[in-house]
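Q: Here is how the chains run, residue by residue.
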Amino acid sequence: MSPELVIALLAAAVQAGTPILFATLGEIISEKAGVLNLGVEGVMALSAFAAFITCHLTGSAWLGLLAGGMAGTLLCGLHSLVCQVFLGNQVVSGLALTLFGVGLATFLGTPYVGQSTEGFAKIALPLLSDLPVLGPIFFRHDVLVYLCYASPVAVWFLLNRTSLGLGLRAAGEMPAAAAAAGLKPQRLRAFGVMAGGFLCGLGGAYLSLAHTHLWTTGLSGGRGWVAVALVIFAFWRPGRAVIGAFLFGSVMAFQLRLQATGTNVPSSLLLMLPYALTVIVLVFSAARARRSGAPAALGVNIEPED
Amino acid sequence: MKHWLRAAGVLVFILALALAGCEKAPDKAAAPAAAGPKTGELKVGFVYTSPVGDAGYSWAHDQGRKAVEKMDGVKTSYVEAVKDGADAERVIENMARGGFDLVFATNFGFMDPTMKVAKDYPNVKFMHCSGFKSSENVSNYFGRIYQARYLTGITAGHMTKSNTIGYVAAFPIPEVIRGINAFTLGVRSVNPKAQVRVVWTKTWFDPALEKDAAVSLLDVGCDIIAQHQNSPGPQEAAQERGKYSIGYNSDMSSFAPKAHLTAAVWNWAPLYEATVKEVREGTWKGNRAIWWGMDKGAVDIAPFGPMVPKDVQDKVLAQKALLMKGEDKIFVGPIKDQGGQVKIAAGVKAEDKELLGMTWFVEGVVGSVQ
Amino acid sequence: MNLVIRKREKSLGWGVLVVYLVALALALFVCALLLTLSGKSGMGGLAILFRAAFGQGYSLLDSLVKAIPIFLCALGVALSFRMQVWNIGAEGQFALGAVGATWAALTFSGLPGFALMPLMFLCAMACGGAWGLLPAALRLRLGVSEIISSLMLNYIGILLLEYLVFGFWKDPASFGFPMTAEFSSGGQIARIAPGVLGKLHWGLLACPIAGVAYSVFLSRTRLGFELAACGEGERVARYAQLPYAFLVFLVMGLGGALAGLAGSIEISATVGRLQPTVMVGYGYTAIVVAWLARLRPWGIAFTAYLLAAFRVGAEVMQLEMQVPAAIGPIMEGLILLCVLAGQFFLTYSVSLGRAPKPEAACPGGNGAEEARP
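Residue numbers (this note's numbering), protein chains in the order written: chain A, 530 to 835; chain B, 120 to 489; chain C, 632 to 1004.
It is worth saying that the hints were derived from the structure and are not from the lab. All residues carry an ideal CB built from backbone N, CA and C; glycine is no exception. Wrong hints could be hidden among the right ones.
Taking CB as the label site, the calculated pair distances span [said to hold, decoys possible]:
(1) B:K235 - C:L836: 53 to 59 angstroms
(2) B:K235 - C:T667: 22 to 28 angstroms
(3) C:R639 - A:G711: 28 to 34 angstroms
(4) A:P640 - B:E446: 26 to 32 angstroms
(5) C:R682 - B:D471: 54 to 60 angstroms
(6) C:S982 - A:E647: 52 to 58 angstroms
(7) A:K651 - C:S982: 31 to 37 angstroms
(8) C:R682 - A:E647: 44 to 50 angstroms
(9) C:L977 - B:K235: 54 to 60 angstroms
(10) C:W645 - B:E255: 54 to 60 angstroms
Using 20 angstroms as the maximum straight-line C-alpha spacing, the simulated SDA-like pairs for lysine to any residue come out as follows [unchecked claim]:
(11) B:K472 - B:E392
(12) B:K321 - B:K472
(13) B:K235 - C:K830
(14) B:K252 - C:L881
(15) B:K202 - C:E813
(16) B:K280 - A:T790
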């Protein structure tokens, strides 16, 4: 591959990685607070539609983005209701959320299929975009990609440098102790799930407002599941999530370019690459993940004392 | 105690099933209705493989259904997102049972289920799309979209400067491969140096991935993007790079007005209307293979974009005029495959059966056929 | 006055049924509401759903046929859920089972049915089981979460199936379409009584056999008891010196084998060949079913049947009302959410009353010991 092609590949990886990174960061917040949310796929699908329809009707991409985030928050609020209030199993509730979210997006979206919207356009950042190599890779995208550059830092700051973040992590590690210290772990968890939902929602909105500018069924295309896997790859750390999302985007972009340059490898095998890579990476990182990062009370509901 | 209750429950259930079976037996034995004009309301059912919301294949069929719905005394309905096999058989049988007079099964995978159900319901008429099995009450139909592909290929062959054209395609099935081949033959009929690069996405439902695939083709130097995908994602990619694109299914110019040269367009309405009319008048017959092309209006190309020069338009329209007269010489040999072997001998015209099962790329296509 | 939440001391008895029915009704009510909002008749839709799912004999049979693979997969995942091992890879194991059975059917096509059929089942169960053992090994040796690895193996399994069917298993007579050759008659499961019992096939027999084996294993064998004890979590199990690792292998292997068996029955009985479209998400539905049924075999049988019937009914709803197919998954998701929430009332009682201390009123408690009544 020529240098230009490699640069193009990496630029494509940034774009493909952005929605996944948003969702991964959202899931990190949720899991740090102790709530496993397997409904990311459904959240992304529904928020992609909410973002699209809002932008389509109001003409404002920013309102659309907000609507996407809010849709994510609301749907995750449902997850929170089932798991925090009614103590439902988190794995099953998450799966139900995926069924419901993807189904609802398809159901509501059917009349709008094949319509397009303005959304976000690409903006080359002045000066930065002229940098050699780095410019074309990182600074010739749309505004949501730039927003995405800031989000890992924001999430890291929230989790590690604020008292709210401390509370969230306490709710995920030792809810009983947190409660004894006068915190309200239930509410913190609910906040974590819904804040995470907002970020996942931004990921969904990215798909319908920036990556493409149109609506059809299946926009989320399995990216939510990838995000759930990347959380473990990332050891629940925002910084590593960036690497994971970028790596996944690169593999996807790589297999497409391999086909485009003309190869005789069957496409089924190439398409396996990202998933196989996820497993392999998990294999190499899991031993460490067990020691570092996994919230101790992840997936365990807080039982009411009586 | 509890166990007895359960056992009793199961027994009741089995009895209900047995009763159900008995109750059903007579309606199958109904004598075939006498052929002849059908009076009263005609019920027409459509079975789609994907949601109508795919904006593509099933959507195009559904546009045809809507045209039929507007006919006098005809009522239509459809079931979408039906998987081949057991699900398809049940849905088709439900239609036959529910008093539908005519059923359109629009996917290749519905072939065996259609044949099975048709045997049990001799007075219902079945039309199966893109298959090859037929019987007294089953006929096949299909549209020669490859003719439209060929014309869009000629357009692309004239318009390309880099002599490299990208083609984003969904699954390596004959319908898609045939389209790529016809397109490439069109390209090379006017530009023998050009090549067509193919990227498979293995999905009908992921506009973002389809767009990424188009971008990857643009990255390797393609300056026109054609597609066998349902979403306009690839069109967007071409427009953003200031390159050209060719649409599919319907006129996609609204998505990429600066890029959209033309598109290969389905139009099922005439075929569906004609079939319904046949059934109404009692002239419908089974055991036929109805392949409609441009001459019958089943396929067409979308209006040219303003960037296509007049002389290119005229050349394409001249070829279209031939096709409109029924002179289809697209798959006339000599045609070589990727490896340079002659697959269709000089002067020989490929039969429809060969086209139906096409699994090799013609010379000029770059990419794996899997 | 405040809400007081207490753990129930004895089970609800018939109240369980009431809770489930209320949850189901709530889910269906929301569906009807959605239909009404989209301009269709909500109640009319539900009426069609129930008539189509339970109203006629053939619909009962159609649902039963559809319930077979769901039941087998659900039984498989229920086994691992019993010990808090989250196998969500039934979909991939189903695919591998189909691949294994196809290999046997294509390789030994000359064998008579009584020899070929068991061979197909065996290959299917071996392949499905192996696909299930993989996440188990990864979890035990390397600590990889089985949730993610089994999920990723779903994608890989399905792509593997596609690779084979699009590649060298493609039937030359299929006109290039992705499907294998039709199995010889020995490789196809026959219908029980085509005239009377519709599409019902002999694969049904696998369900009672597997179901009985499942309950006997859990309630009559030592391993079964140990498995139940492992449900308290890995730490407890290891502390009690239970063979935790062995049991994880066992449940994942058996679960995979059951899903694989479902895959082989599905392709052999309903399509008679392998094609990518046999993958319709039974593996995911199975998780829903297993949980709704609280992992009990009779419950799984009933729930598998119910969800299959709703799917059949949803098709007729489409046919008669032109409702988008997405109403099916919406309904499933809603039922699951409502029942999950409803199960709270099975373990806890909620009453209006004066709380002994304000802290106890907040579910989730503040961990204060003195809040106990």
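Q: Confirm or reject each hint.
A: Hint by hint, here is what the structure shows:
For K235 of chain B and L836 of chain C, the hinted distance range of 53 to 59 angstroms is not satisfied, since their beta carbons lie about 23 angstroms from each other. For the pair K235 of chain B and T667 of chain C, the beta carbons lie near 37 angstroms from each other, so the given range of 22 to 28 angstroms is not met. Between R639 of chain C and G711 of chain A, the C-beta spacing of about 30 angstroms keeps the proposed range 28 to 34 angstroms intact. For the pair P640 of chain A and E446 of chain B, the beta carbons lie near 42 angstroms from each other, so the given range of 26 to 32 angstroms is not met.
Between R682 of chain C and D471 of chain B the beta carbon distance is about 43 angstroms. The supplied range of 54 to 60 angstroms is therefore violated. Hint check: S982 of chain C to E647 of chain A, Cβ distance near 55 angstroms, so the stated range 52 to 58 angstroms holds. As the Cβ distance of K651 of chain A to S982 of chain C is approximately 60 angstroms, the hint placing it in 31 to 37 angstroms is violated. Between R682 of chain C and E647 of chain A, the C-beta spacing of about 46 angstroms keeps the proposed range 44 to 50 angstroms intact.
A beta carbon spacing of about 45 angstroms between L977 of chain C and K235 of chain B contradicts the range 54 to 60 angstroms that was offered as a hint. Our hint of 54 to 60 angstroms for W645 of chain C and E255 of chain B holds, since their Cβ atoms are close to 56 angstroms apart. Distance check on the hinted pair: K472 of chain B and E392 of chain B sit about 25 angstroms apart at the alpha-carbon level, beyond 20 angstroms; violated. Proposed proximity of K321 of chain B and K472 of chain B is contradicted: the alpha carbons are some 25 angstroms apart, above 20 angstroms.
Taken as a hint, the K235 of chain B and K830 of chain C pair is honoured in the structure, with Cα atoms around 11 angstroms apart against an allowance of 20 angstroms. A hinted pair counts as satisfied when its Cα atoms are at most 20 angstroms apart, and K252 of chain B with L881 of chain C does not qualify at roughly 47 angstroms. A hinted pair counts as satisfied when its Cα atoms are at most 20 angstroms apart, and K202 of chain B with E813 of chain C qualifies at roughly 18 angstroms. Taking the CA atoms of K280 of chain B and T790 of chain A, the gap is about 18 angstroms. The hint holds against a cut of 20 angstroms.
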